[in-house]
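S.K.: Chains as they are written, first to last, in the working numbering: chain A, 576 to 1095; chain B, -4 to 168.
These aren't lab readings, by the way, just hints derived from the structure by calculation.
Predicted, not measured: the structure shown is a model, and the values here were computed from it.
Among the hints, erroneous ones may be present.
Calculated cross-link-like contacts (lysine to aspartate or glutamate; reagent style EDC-like; alpha-carbon spacing at most 20 Å) [as the list claims (entries may be wrong)]:
hint : chain 1 : residue 1 : chain 2 : residue 2
1    : A       : K690      : B       : D95
2    : B       : K151      : A       : D998
3    : A       : K853      : B       : D133
4    : A       : K853      : B       : D95
5    : B       : K136      : A       : D998
6    : B       : K88       : A       : D998
7    : B       : K79       : B       : E135
8    : B       : K79       : B       : D61
9    : B       : K88       : B       : D51
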Amino acid sequence: MFYKGWYHFFYQYNPNAAVWGDIVWGHAVSKDLIHWLHLPLAMVADQWYDKNGVWTGSATFLPDGNIVMLYTGSTEEAVQVQNLAYPADPSDPLLIHWVKYPGNPVLVPPPGINKKDFRDPTTAWLTSEGKWRITIGSKINKTGISLVYDTKDFINYEKLDGVLHAVPGTGMWECVDFFPVSKAQENGLDTSVNGPGVKHVVKVSLDDDRHDYYAIGTYHDKNGTWIPDQPGIDVGIGLRYDYGVYYAAKTFYDQNKNRRVLWGWIGESDSEAADMQKGWASVQSIPRTILFDNKTGTHLLQWPVEEIESLRLKINEFNGVRIQTGSVIPLDVGPATQLDVVAEFKIDKEALEKTTGSNETFSCSTSGGAAERGALGPFGLLVLADDSLSEQTPVYFYIAKGSDGNLKTFFCNDQSRSSAASDVNKQIYGSFVPVLKGENLSLRILVDHSIIESFAQGGRTVITSRVYPTKAIYGAARVFLFNNATDASVTATLKIWQMNSAFIRPYPNDEKFLKDLKQM
Amino acid sequence: MTKIISLVIFHAVFSFTFLPVTDSATSLIETTCKQTPFFNLCVSTLQSDPRSSTADVAGLGHIIADSINGKAPATLNQIKGLLKSATDPNMQKALQSCVDSYNTIVQADIPVAFEAITKGDPKFAVDSAADAANEAQDCEKSFANPPKSPISDSNKNVHDLSVVLESIASLLL
Chain A
576 MFYKGWYHFF YQYNPNAAVW GDIVWGHAVS KDLIHWLHLP LAMVADQWYD KNGVWTGSAT
636 FLPDGNIVML YTGSTEEAVQ VQNLAYPADP SDPLLIHWVK YPGNPVLVPP PGINKKDFRD
696 PTTAWLTSEG KWRITIGSKI NKTGISLVYD TKDFINYEKL DGVLHAVPGT GMWECVDFFP
756 VSKAQENGLD TSVNGPGVKH VVKVSLDDDR HDYYAIGTYH DKNGTWIPDQ PGIDVGIGLR
816 YDYGVYYAAK TFYDQNKNRR VLWGWIGESD SEAADMQKGW ASVQSIPRTI LFDNKTGTHL
876 LQWPVEEIES LRLKINEFNG VRIQTGSVIP LDVGPATQLD VVAEFKIDKE ALEKTTGSNE
936 TFSCSTSGGA AERGALGPFG LLVLADDSLS EQTPVYFYIA KGSDGNLKTF FCNDQSRSSA
996 ASDVNKQIYG SFVPVLKGEN LSLRILVDHS IIESFAQGGR TVITSRVYPT KAIYGAARVF
1056 LFNNATDASV TATLKIWQMN SAFIRPYPND EKFLKDLKQM
Chain B
-4 MTKIISLVIF HAVFSFTFLP VTDSATSLIE TTCKQTPFFN LCVSTLQSDP RSSTADVAGL
56 GHIIADSING KAPATLNQIK GLLKSATDPN MQKALQSCVD SYNTIVQADI PVAFEAITKG
116 DPKFAVDSAA DAANEAQDCE KSFANPPKSP ISDSNKNVHD LSVVLESIAS LLL
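Based on the provided sequences and hints, a complete structural model is requested.
M.R.: Spelled out as structure tokens, the structure:
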């Protein structure tokens, strides 16, 4: 959230180990979502109602500018309950100290709901009756659901009879997020906004497969329900925020810049033994703005926040580079471990038309990766590669032509040769990406040592990968263009920036420094 | 008359509370173990622990975690002992890698699995158990042939039990 000049980030943290457990609320602040200052833990497990974990929660801004925080506590008997907390000192822009409401918990699992299936309350939004409404994910057998509660004071709640929505077979709905998006305008909307120019998004984190799913639909305020526009891609069975490692993501309305910002947890893809030796595990993605893609009408667009551009250093431009079939072209950009890549690809039109289609279905994850040649793909970039290409992570497009002549474009990340190490994930991630008539294929990639965030078609399809090369590191990392298609040559135009490092500072034990900070 | 009736009722209530529960408990053990790839290992491990007669699925998961908690530290000690007397540098390397693997199983994987099952966030138990199985496998793979693995049986046991734990934790999702 953005409060008195600072972006605040509260996160699930284990102070004792580089694995999950002993969860408390970590806290960090930033002026620009890029450079961060660590603050003391915001909340620890010091009450009976959160003794076994201070879990996920959400902040709501009241009309007077004050904040209320609702969060899930795992009680000393491991029951999941919802608790209320608020800043101890609202005049402190750093919001260092928090107070837990003495009457906690404010919500306990209702009848018919398992006491371990009731967690992650959302930010509240105003109903047409002027009450606050929240939703909390749960499940009944294997049907994922989201319960709805109305409140006037965040202390007393009335549960609505139905649920916001339910989808059979999806299992437990964690970290439910519910928010409006503008159909036509390129700005974010406050969570309470509703109206004809607005669609609502329901997002869930599925416990069963550890992926975040979303669907776009219509919210009915009268009875607190939501209906998807396309039941075939309903929440949990359709589109994902990210086809790689990305979970428990959450949005907030940034009133500072009138945008909705999405933030997700990127876990590790290495072994826990490695995590223990590293002494840390898990990172946050670069924050992304979220917009409704009114060109497709079915997708959201995610894009790294503009502040990331402040880390751009030296630029290298490559215009109209022709990549013949079966070739790899090195791009001389200097050290290639911290990069921002913006690329556009044009594929040989004749080949697109001439190639015979087939009935074969393609999927990134079951394909042979970038080494498997098709008529019209794969082509793209090789990042975190070494000179000899013994290690490489292809980020690429693959165009499949159906027997009806229709083209379908896929966007993939291939980790199969990302590292010589044997204890890391080597899967191929990806998905179909809608490409509309007249659009070139476009790509944005943020490379940061072991993290790759890649965005296709302006953020219609996004893949985040964790890779752990042993050779393609630091000064030995390179980036290449490649085209492994058999029939079509490709022309690429790119801008590649070296990226500076962000400053992430520990909490200073310095009164004067803090005093100066608060006056910024 | 009323005294006899109340005695009969008391006796009936008394009998019912002490009905043997083994039948229903056995079938929970069986239905649970059928959903793991190592049915026999799962059943024998659970049945050898008296708590299994009254445990729910989460409780059965705890019992398996406990079993790994018994085997893994013992294997770790065995590895450390072998390391002390090892002279072949390849053997030393493999054993050292196994020390790392088993330290992870004992210090991270099993405690996380326990906590996650208890607190009702079983996906962390699934991931940790999967990691434990991988660690045991990594240890076994670190022995080329030669040197032959001196702890194959223990590695297989820990691996298979971890896979059982992963399957049981998945049932809780």
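S.K.: Which of the stated hints cannot be reconciled with the structure, identified by number in ascending sequence?
M.R.: Violated: hints 1, 8 and 9.
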